[in-house]
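J.: If you want the building blocks of each chain, they are given just below.
Number of protein chains: 2
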Amino acid sequence: MVGSVGNGLMDLREKEKVEPLPREFDPEEIARPKPPLETEGVGGEEGSGKSREIVLGRNVHTMCFAIKEPEADDEVTGEREAYMASVLARYRRSLIDRTKHHLGYPYNLDFDYGALGQLQHFSINNLGDPFIESNYGVHSRQFEVGVLDWFARLWELEKNEYWGYITNCGTEGNLHGILVGREVFPDGVLYASRESHYSIFKAARMYRMECVKVDTLVSGEIDCTHFKASLLQNMERPAIVNVNIGTTVKGAVDDLDMVIKTLEENGFKDRFYIHCDGALFGLMMPFVKRAPKVTFTKPIGSVSVSGHKFVGCPMPCGVQITRSKHINVLSSNVEYLASRDATIMGSRNGHAPIFLWYTLNRKGYRGFQKEVQKCLRNAHYLKDRLKEAGISVMLNELSSTVVFERPKDEEFVRQWQLACEGNIAHVVVMPNVTIDKLDSFLNELLRHRSCWYQEGNISPPCIAADIGEENCCCALHRR
Amino acid sequence: MVGSVGNGLMDLREKEKVEPLPREFDPEEIARPKPPLETEGVGGEEGSGKSREIVLGRNVHTMCFAIKEPEADDEVTGEREAYMASVLARYRRSLIDRTKHHLGYPYNLDFDYGALGQLQHFSINNLGDPFIESNYGVHSRQFEVGVLDWFARLWELEKNEYWGYITNCGTEGNLHGILVGREVFPDGVLYASRESHYSIFKAARMYRMECVKVDTLVSGEIDCTHFKASLLQNMERPAIVNVNIGTTVKGAVDDLDMVIKTLEENGFKDRFYIHCDGALFGLMMPFVKRAPKVTFTKPIGSVSVSGHKFVGCPMPCGVQITRSKHINVLSSNVEYLASRDATIMGSRNGHAPIFLWYTLNRKGYRGFQKEVQKCLRNAHYLKDRLKEAGISVMLNELSSTVVFERPKDEEFVRQWQLACEGNIAHVVVMPNVTIDKLDSFLNELLRHRSCWYQEGNISPPCIAADIGEENCCCALHRR
Numbered sequence: 001m002v003g004s005v006g007n008g009l010m011d012l013r014e015k016e017k018v019e020p021l022p023r024e025f026d027p028e029e030i031a032r033p034k035p036p037l038e039t040e041g042v043g044g045e046e047g048s049g050k051s052r053e054i055v056l057g058r059n060v061h062t063m064c065f066a067i068k069e070p071e072a073d074d075e076v077t078g079e080r081e082a083y084m085a086s087v088l089a090r091y092r093r094s095l096i097d098r099t100k101h102h103l104g105y106p107y108n109l110d111f112d113y114g115a116l117g118q119l120q121h122f123s124i125n126n127l128g129d130p131f132i133e134s135n136y137g138v139h140s141r142q143f144e145v146g147v148l149d150w151f152a153r154l155w156e157l158e159k160n161e162y163w164g165y166i167t168n169c170g171t172e173g174n175l176h177g178i179l180v181g182r183e184v185f186p187d188g189v190l191y192a193s194r195e196s197h198y199s200i201f202k203a204a205r206m207y208r209m210e211c212v213k214v215d216t217l218v219s220g221e222i223d224c225t226h227f228k229a230s231l232l233q234n235m236e237r238p239a240i241v242n243v244n245i246g247t248t249v250k251g252a253v254d255d256l257d258m259v260i261k262t263l264e265e266n267g268f269k270d271r272f273y274i275h276c277d278g279a280l281f282g283l284m285m286p287f288v289k290r291a292p293k294v295t296f297t298k299p300i301g302s303v304s305v306s307g308h309k310f311v312g313c314p315m316p317c318g319v320q321i322t323r324s325k326h327i328n329v330l331s332s333n334v335e336y337l338a339s340r341d342a343t344i345m346g347s348r349n350g351h352a353p354i355f356l357w358y359t360l361n362r363k364g365y366r367g368f369q370k371e372v373q374k375c376l377r378n379a380h381y382l383k384d385r386l387k388e389a390g391i392s393v394m395l396n397e398l399s400s401t402v403v404f405e406r407p408k409d410e411e412f413v414r415q416w417q418l419a420c421e422g423n424i425a426h427v428v429v430m431p432n433v434t435i436d437k438l439d440s441f442l443n444e445l446l447r448h449r450s451c452w453y454q455e456g457n458i459s460p461p462c463i464a465a466d467i468g469e470e471n472c473c474c475a476l477h478r479r
Numbered sequence: 001m002v003g004s005v006g007n008g009l010m011d012l013r014e015k016e017k018v019e020p021l022p023r024e025f026d027p028e029e030i031a032r033p034k035p036p037l038e039t040e041g042v043g044g045e046e047g048s049g050k051s052r053e054i055v056l057g058r059n060v061h062t063m064c065f066a067i068k069e070p071e072a073d074d075e076v077t078g079e080r081e082a083y084m085a086s087v088l089a090r091y092r093r094s095l096i097d098r099t100k101h102h103l104g105y106p107y108n109l110d111f112d113y114g115a116l117g118q119l120q121h122f123s124i125n126n127l128g129d130p131f132i133e134s135n136y137g138v139h140s141r142q143f144e145v146g147v148l149d150w151f152a153r154l155w156e157l158e159k160n161e162y163w164g165y166i167t168n169c170g171t172e173g174n175l176h177g178i179l180v181g182r183e184v185f186p187d188g189v190l191y192a193s194r195e196s197h198y199s200i201f202k203a204a205r206m207y208r209m210e211c212v213k214v215d216t217l218v219s220g221e222i223d224c225t226h227f228k229a230s231l232l233q234n235m236e237r238p239a240i241v242n243v244n245i246g247t248t249v250k251g252a253v254d255d256l257d258m259v260i261k262t263l264e265e266n267g268f269k270d271r272f273y274i275h276c277d278g279a280l281f282g283l284m285m286p287f288v289k290r291a292p293k294v295t296f297t298k299p300i301g302s303v304s305v306s307g308h309k310f311v312g313c314p315m316p317c318g319v320q321i322t323r324s325k326h327i328n329v330l331s332s333n334v335e336y337l338a339s340r341d342a343t344i345m346g347s348r349n350g351h352a353p354i355f356l357w358y359t360l361n362r363k364g365y366r367g368f369q370k371e372v373q374k375c376l377r378n379a380h381y382l383k384d385r386l387k388e389a390g391i392s393v394m395l396n397e398l399s400s401t402v403v404f405e406r407p408k409d410e411e412f413v414r415q416w417q418l419a420c421e422g423n424i425a426h427v428v429v430m431p432n433v434t435i436d437k438l439d440s441f442l443n444e445l446l447r448h449r450s451c452w453y454q455e456g457n458i459s460p461p462c463i464a465a466d467i468g469e470e471n472c473c474c475a476l477h478r479r
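First to last, the protein sequences are chains A and B.
Last residue of the first sequence: 479 (UniProt numbering), numbering continuous.
Last residue of the second sequence: 479 (UniProt numbering), numbering continuous.
Be a bit skeptical, because a hint or two may be false.
No copy labels: a pair is met if it fits in one copy or bridges any two.
DSS-like cross-link-like pairs, simulated, lysine-lysine; straight-line CA separation at most 27 Å [what the hints assert, rightly or not]:
(1) 363 to 293
(2) 68 to 298
(3) 228 to 68
(4) 68 to 370
(5) 374 to 387
(6) 68 to 159
(7) 68 to 289
(8) 269 to 370
Read the hints as simulated data drawn from the structure, not as lab findings.
None of these values were measured; they are calculated from a predicted model.
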């Protein structure tokens, strides 16, 4: 029932059925052939030679609010204003509903920035470097630097040894980190686990870098045995390594210490650059007891984290921190980065730093710690309830990402805005995800599931390959 | 009086004196040696072998609002809330003042988005492709696609032949356009005039492309004679060309038709890709009578324009439009762009499209036309007044960027937030720049100037090299 690449046409209803997986979530889907969607929830991935069908050649214009030329008498009749107000009011209602039913993306939707409404009337732009003022006076560098200082302290880098800026999103942080790595080691090979965010592979392509995809364990962590083998094949070239502090799909934390050990024991001492992609967990880990530490006291080069994820922010943003010596290398060696044109973007959103400043100030380390603990508690609650109900489920230690059997019905997936990959789905338990919300999700899931599997007459799929035998509740692995 | 690279330290007062030029404005400064600032306003640039001194090695922490841990009793005393409210109130006051005194940057600060305040409570994210919905429901694609349709119509590209998205800023548009060009012609050489925005040269470096800087005429336009000579040196490789629809400094519009003619007459037919950087004028030109047209009926590949400039928006944003066939080439050929991961960023600000949608709907083509005409009228007014006063000044036809002799006093430059390069400064006349504002600027300038040049006893500098002899009012060129 999907449109083929050949004719490139599909009507609206068809599109809704075959909606592709969310882009933010989906590093692997892109690369490999896939079975058609009907069988995706139940069948294995292997064995189907049919390649994934993507509709190209044509934009799919789903519902869109067209812009119309004002009529000459609009000012008099007020019709235009009325039309726009009605569009916005309806839109606002849908946002309320969509915000309520949301479990799959690691966005903290629980924020109140009412006090900042007064600033929406200003065109705030932190163009260029946070530490070098431009003549454009309507900026928020004083907030931005406050936020950067906070993060540098969190990751243990001295004020005069760090450089950083507030980015537009996690991808910009990764693009920056990998670029810094490449400029430090122009001939370096990029290593990243297969479960890294897709922006890492995009960076490799953009920057024309050789990139080695390293295997992962079932947990989603980088497989250091394979990492070592890959390194040994490129002994003569320095290593640029992306380390995931929480993978997108399984919330797996790469073992930073093991990665460093592998590098140093195999002849790469002082010949590597590590970028830590901490999109979500970069801000949670420091508050988890017994978690291995992400810190610049270890030989890492940069850390990035998203601002709209754990902190919560009306628009995407992120924080990028690196060692100032790397930026200096760039600035002095590279024509285009001289005078510290060291950010990826030029004009930069000046509102985002104020949102972050506001939340960090209000909550403080202690506030975040409380929220992290709540998230982990609630994630365990969800996992336990799913397990009790005989549903395959995995929860990595240190993570609030609960991975489980993909719901069979796409409508259900869409309703709860779950993020799915292959046979698995996940819920990311964020501060706005309460026990109440989880209960109503669980109840609905169980109700639907008894239909999907005809109260046990049909067997749910085996997902041991994705989450490990010990977590799988299929007929074979159920104990 | 500037800190040296060696010790890397400068105190706050020193920093203020040597504040570097604004990054957005400054493609050339970066590359060439510069005299120290004391002489910059009056002396020529050549002849001084002293290289520009940039302070590296250390972040300059100017005033910053530090984030402090909340005290245990903050909830009770309300001290923290009070502190934050006072910071924000003071900040708001300064924004009002800074917004009032602003002439140098092409940002339309005249907008009222009060009706959209109700949406600030939502985390709106258009992650990935605008035409492929993700499962994340809190998005604004229906607004984004409406805006894109409007721009595609403006630049005459059919709905089913364009692809585009709303970017974070002009730089993202340029990064995207140049990347598309490179993927279409992987072996292509990038050509851009010296006065192109610095993001173009940043792209070349990021993407590891060979880049040829083409000379410019005094007006700031690309010199097609030199362009031709450059092409002839690289006959065997396709050409990727950045065409400026309004340069940053002089508001010069490259002659698109002449660029195309030069390419086609010199053996590059069907072997070139043109990206039009229309940051500001991309949206003004269509409304200027007799202006050469930027349109996809000509063999161009992409156009980008900033959203926070002529339209006006609280945060930076931009619009990028390209031919869908190019995106299809990317999507099918390039692993990391399959399934149309075709944007530079992943998560994307969902508020920006709503701001743009709101203004486009309210103003329409007719509204923009009126505003463009007003800007051009006011720009001519400013130019005439400066000329009358005996001040060297240039205004390109079709442009609202008035280029004139750089004010001698940096305090004055900062006060009016002028953008300067070498011996010249400019005012960009935007819709929020009224005759009243220009008058108060002119009066203040003339008052100061009579001090700087001691009522005519000291001669103002010659800037014929920058703006042409006919526009220069120095002792030599004054008629």
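J.: Starting from the hint list further up, note which numbers the structure goes against and sort them upward.
T.: 3, 8
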